[in-house]
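**Student:** Sequences listed follow chains A and B, in order. Position 135 of the first sequence, counted from 1, bears residue number 355 in the numbering used here, the numbering being contiguous throughout. Position 347 of the second sequence, counted from 1, bears residue number 407 in the numbering used here, the numbering being contiguous throughout.
Treat the hints as calculated values from the structure; they're not laboratory data. Where is the CB? At the ideal position from N, CA and C, for every residue including glycine. Errors might be hidden in some of the hints.
[Stated by the list, open to error] Partial selection, computed: residues in chain A whose CB lies under 8 Å from chain B:
#: 1; residue: Ile421
#: 2; residue: Tyr425
#: 3; residue: Ser435
#: 4; residue: Gln602
#: 5; residue: Asp604
[What the hints assert, rightly or not] Here are the simulated DSS-like pairs of lysine-lysine, each with C-alpha atoms no more than 25 Å apart in a straight line:
#: 6; chain 1: B; residue 1: Lys173; chain 2: B; residue 2: Lys94
#: 7; chain 1: A; residue 1: Lys321; chain 2: A; residue 2: Lys286
#: 8; chain 1: B; residue 1: Lys135; chain 2: A; residue 2: Lys517
#: 9; chain 1: A; residue 1: Lys554; chain 2: A; residue 2: Lys287
#: 10; chain 1: A; residue 1: Lys448; chain 2: A; residue 2: Lys405
#: 11; chain 1: A; residue 1: Lys414; chain 2: B; residue 2: Lys277
#: 12; chain 1: A; residue 1: Lys517; chain 2: B; residue 2: Lys145
#: 13; chain 1: A; residue 1: Lys517; chain 2: B; residue 2: Lys570
#: 14; chain 1: A; residue 1: Lys449; chain 2: B; residue 2: Lys208
#: 15; chain 1: B; residue 1: Lys277; chain 2: A; residue 2: Lys449
#: 16; chain 1: B; residue 1: Lys570; chain 2: A; residue 2: Lys441
#: 17; chain 1: A; residue 1: Lys531; chain 2: B; residue 2: Lys145
#: 18; chain 1: A; residue 1: Lys496; chain 2: B; residue 2: Lys208
#: 19; chain 1: B; residue 1: Lys208; chain 2: A; residue 2: Lys448
#: 20; chain 1: B; residue 1: Lys173; chain 2: A; residue 2: Lys449
#: 21; chain 1: A; residue 1: Lys496; chain 2: B; residue 2: Lys173
#: 22; chain 1: B; residue 1: Lys145; chain 2: B; residue 2: Lys208
#: 23; chain 1: A; residue 1: Lys496; chain 2: B; residue 2: Lys145
#: 24; chain 1: B; residue 1: Lys277; chain 2: A; residue 2: Lys448
#: 25; chain 1: A; residue 1: Lys528; chain 2: A; residue 2: Lys441
#: 26; chain 1: B; residue 1: Lys208; chain 2: A; residue 2: Lys476
#: 27; chain 1: B; residue 1: Lys173; chain 2: A; residue 2: Lys531
#: 28; chain 1: A; residue 1: Lys441; chain 2: B; residue 2: Lys135
#: 29; chain 1: A; residue 1: Lys528; chain 2: A; residue 2: Lys286
#: 30; chain 1: B; residue 1: Lys173; chain 2: A; residue 2: Lys476
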Amino acid sequence: MKRLRTIALGLVAASSLGYGAIGSAPAAAAEETIKVGILHSLSGTMAISETTLKDVMLMLIEEQNKKGGVLGKQLEAVVVDPASDWPLFAEKARGLIQQDKVAAVFGCWTSVSRKSVLPVFEELNGILFYPVQYEGEESSRNVFYTGAAPNQQAIPAVDYLMESESVERWVLAGTDYVYPRTTNKILETYLKSKGVAEEDILINYTPFGHSDWQSIVAEIKGFGSAGKKTAVVSTINGDANVPFYKELANQGIAAKDIPVVAFSVGEEELAGIDTKPLVGHLAAWNYFMSIDTPENKDFIGKWQIFTKNDKRVSNDPMEAHYIGFNMWVKAMEKAGTTDSNAVIDALIGISVPNLSGGYSTMMPNHHITKPVLIGEVQEDGQFDTVWETPGLVVGDEWSDFLPDSKDLISDWREPMACGNFNVASGKCGGKGGS
Amino acid sequence: MTRSSNLLRIVVLAGALMLAASSAAAADMAELVKALATGSFSDREAAITALAATGDSRVATVLQALEAGELYARKSDSSVFIGRKEGTDIALTDPLTGSTAGTAPSGELDRIKVNNRLRRAIEAAMGSLTLMNPDPSLRHAAAEAVFKSRDPQAVAALDQAIAAETDAGVKSILEQARAAALLGSDAPEDQKLAAVAVIAARGDRDALQLLQSVHSKSTGALQSATLAGLRSIESNLAAWQAGQNIWYGLSLGSVLLLAAIGLAITFGVMGVINMAHGEMVMLGAYTTFMVQEVIRNSAPGLFDYSLFIALPLAFLVAGAVGLLVERGIIRWLYGRPLETLLATWGLSLVLQQSIRSIFGPTNREVGSPSWMSGAFEAGHLTITYNRLWIILFALMVFALLSFILRRTRFGLHLRAVTQNRAMAGAMGIRTPWINALTFALGSGIAGIAGVALSQIDNVSPNIGQSYIIDSFMVVVFGGVGNLWGTLVGAFSLGIVNKLLEPYAGAVLGKILVLVFIILFIQKRPRGLFALKGRAVEA
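Chain A on its own, in the form it takes in the complex (with noise of 0.2 Å):
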């Protein structure tokens, strides 16, 4: 039996310092790439919205490789899966920075996932493009937003409710955590400053993957009876909307009785589900994949070819990888280096076409210049434009509607470089801000 084992071990050692040999040479031999990071969960509550963020980004690696990669290298994609567990993303997020060497990551959805990773990305100086919509409360040098601040989505949101459906009284439901939170005590704010009165708002937390929604949405229902017109404004992340809308459906809620606007929800989460009761219902993006024009159309016939499914769906957060991964080629080119500080320098000013006809251009505070648009659901899952911003909006993440914010602004161009500058008070608030 000893003998046996001391064999074995040696087997082992013998194999691995062997295979380590063989492993490392092709390596050394093999051609540079510029390694980018996918940070996005494959499993878990999220996977349901992460899932396509990945393989948008690797369609989008590979076109770019066709057309020569950057810089003379081919782009090499380094895929991690941090489950829905939010300190395994800082955990990931550590590793394709310091084993990977990735030059840039593209990543996240949910805002704790985020502000999980934010020391880590501050602290190894690395770059994060962030492609979903958030509550804003945040600017640091080493992120940048493509996805929009509550001045894009929720505001507008809010406004066109408020003009084009005359909605006097509110349910504000979201998941516990910071997004939801953060982005309710926006537009609580920003209601009362319209005129609602308190008893006119509920809001409602409720945990991820919440499943059992029937006291809720009888709640909501209840509180929809009281002679004023009602609308919902969702902010219920993940799977626990699919349970969510069903339940909307099965106790005969309508749309066109009490709308509920959501801000997470876009094709892909409508992809899983019946959306034959949820028609009228509504959604505030950026984008939405039945916008009429050639790029969309390009864009979505490539997706669809390289999904293999000619039924596959585009949506916001997609886009928004689209728009920063184009702004990341076009700032490498022009500092002529995958260096951080380099990088991160040469982004602000960039400006690279959106899918909807415009152009994006990246901001000094690491925002987009974005349209809004709000969309009725289909029978379909698709989205119907109801409404659009004439022109483009200015992501503006230190909200005018909290009064913590209200006096800051975040420019990181020399030689101001601060992500939080209080105008009342002339200072800097400190490093990164957050």
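Given chain A's structure and the hints, the job is docking chain B onto it.
**Tutor:** Positioned in the frame of chain A, the structure of chain B alone reads:
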């Protein structure tokens, strides 16, 4: 509200003028139908109003098609047709005459879109147009639509309809609609007071809404009458709301019961803490998914029976896995609870990952058969069909298990082993075999629970994780090895949770229930219905 009341006003006036139809009017109709395709949403709303004002019976068909998304406009000449999809072409019919107008490729036509505002306008218009329709269900819907829009000018038309009405149910709705319309008009006060009484008798949320708006605009006797009506409706509704919360508690309790009952048996008989119990639920849910996939691909007509087919399959699959687990892993770890805990925890991770590798990490769509969708009203309670069936199913499973335990030989052996293992062995019962079959039974029941839970929760590799904690909670609270304990424990926890939820919120409600259980087991460590006996308490 003003737009729809304008609508009804025009409709009622037009109704009296219906005799004035002429060829000129026919040409106007075509123009109005064309107007549905052009302009902004508010222009189209005006077109709907104008169409309804003609009072023409053909308008109903046009508006129905518009709402259903079957109205198309040809891009070349903006002429409007009702269309039905035939592959890539669309079969066209003239909206006013109903005659076929050939087919056209879908690229030549634009579907005329509607938004929420237009849908409301269409609903109000349809209501007024179908008040005298021969079909009683359509008349019912029309009366409800008129009740919601409350236009004072509709009183005359409603009087006409009430006089001609034969169906008692529709008649009462028409009277309520008339009362609603009256309250918005300049009728004398005594008529309005009578109307308030009719509305208060209806007593639901729409009535509450109506009386609130009347109350804010009225004075004197009418104001106090509406206040009294509001009070009575509110107290009535509050009682019904409490009933509704109890219903929600029962449905949550049934879910807990289904998830926990298998665990109660295995824990009771063998004292094995099975952390992989949630994964048995997951296996049942995925079996349902597989069954539905097969049905979808080869026999779509059987979809409504898919759950019945999935039930025995889920039981067998989960039961077989349970048997393998017991014979393969648990058997070697009897008397070592910590190792069993660890081993079953590892097993749960293995099972989750295998499912993830086979089916992918994202959620899988499990559809509901038609008899499980929707809801019905019982008094003022909204009862959704899926929850109702799950409660009945949980009770059936409980009854079945009780039967097995009390009336079968296997049940007798199982109870004997639970009460005194050594003695049961001495009496000739093959305890290792009982262990294996019990574990298989517990897992099989969990599989069946998975079939039911696939209807109300997302089917993903993590579905088991959501139920394992709740299952242990119920078993600890209700008492181990006793089915009644599980039943009472599950339903009481469900009801307490749902009664707390409106006040404390979902997250805090769960926390409070957990705290309550912790305090409870300080007093009664063995749970609600503890087994008694020297061997058990040892």
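**Student:** Evaluate each hint against the coordinates.
**Tutor:** Going through the hints against the structure:
| no. | hint | in the structure |
| --- | --- | --- |
| 1 | Ile421 | violated, 15 Å |
| 2 | Tyr425 | holds, 6 Å |
| 3 | Ser435 | holds, 5 Å |
| 4 | Gln602 | violated, 11 Å |
| 5 | Asp604 | holds, 6 Å |
| 6 | Lys173(B) x Lys94(B) | holds, 14 Å |
| 7 | Lys321(A) x Lys286(A) | holds, 23 Å |
| 8 | Lys135(B) x Lys517(A) | holds, 20 Å |
| 9 | Lys554(A) x Lys287(A) | holds, 17 Å |
| 10 | Lys448(A) x Lys405(A) | holds, 22 Å |
| 11 | Lys414(A) x Lys277(B) | holds, 24 Å |
| 12 | Lys517(A) x Lys145(B) | holds, 23 Å |
| 13 | Lys517(A) x Lys570(B) | violated, 47 Å |
| 14 | Lys449(A) x Lys208(B) | holds, 13 Å |
| 15 | Lys277(B) x Lys449(A) | holds, 18 Å |
| 16 | Lys570(B) x Lys441(A) | holds, 23 Å |
| 17 | Lys531(A) x Lys145(B) | holds, 19 Å |
| 18 | Lys496(A) x Lys208(B) | holds, 24 Å |
| 19 | Lys208(B) x Lys448(A) | holds, 13 Å |
| 20 | Lys173(B) x Lys449(A) | holds, 23 Å |
| 21 | Lys496(A) x Lys173(B) | holds, 15 Å |
| 22 | Lys145(B) x Lys208(B) | violated, 34 Å |
| 23 | Lys496(A) x Lys145(B) | holds, 17 Å |
| 24 | Lys277(B) x Lys448(A) | holds, 14 Å |
| 25 | Lys528(A) x Lys441(A) | violated, 42 Å |
| 26 | Lys208(B) x Lys476(A) | holds, 13 Å |
| 27 | Lys173(B) x Lys531(A) | holds, 22 Å |
| 28 | Lys441(A) x Lys135(B) | violated, 41 Å |
| 29 | Lys528(A) x Lys286(A) | holds, 18 Å |
| 30 | Lys173(B) x Lys476(A) | holds, 15 Å |
In summary, the structure is inconsistent with hints 1, 4, 13, 22, 25, 28 from the numbered list given earlier, while agreeing with the others.
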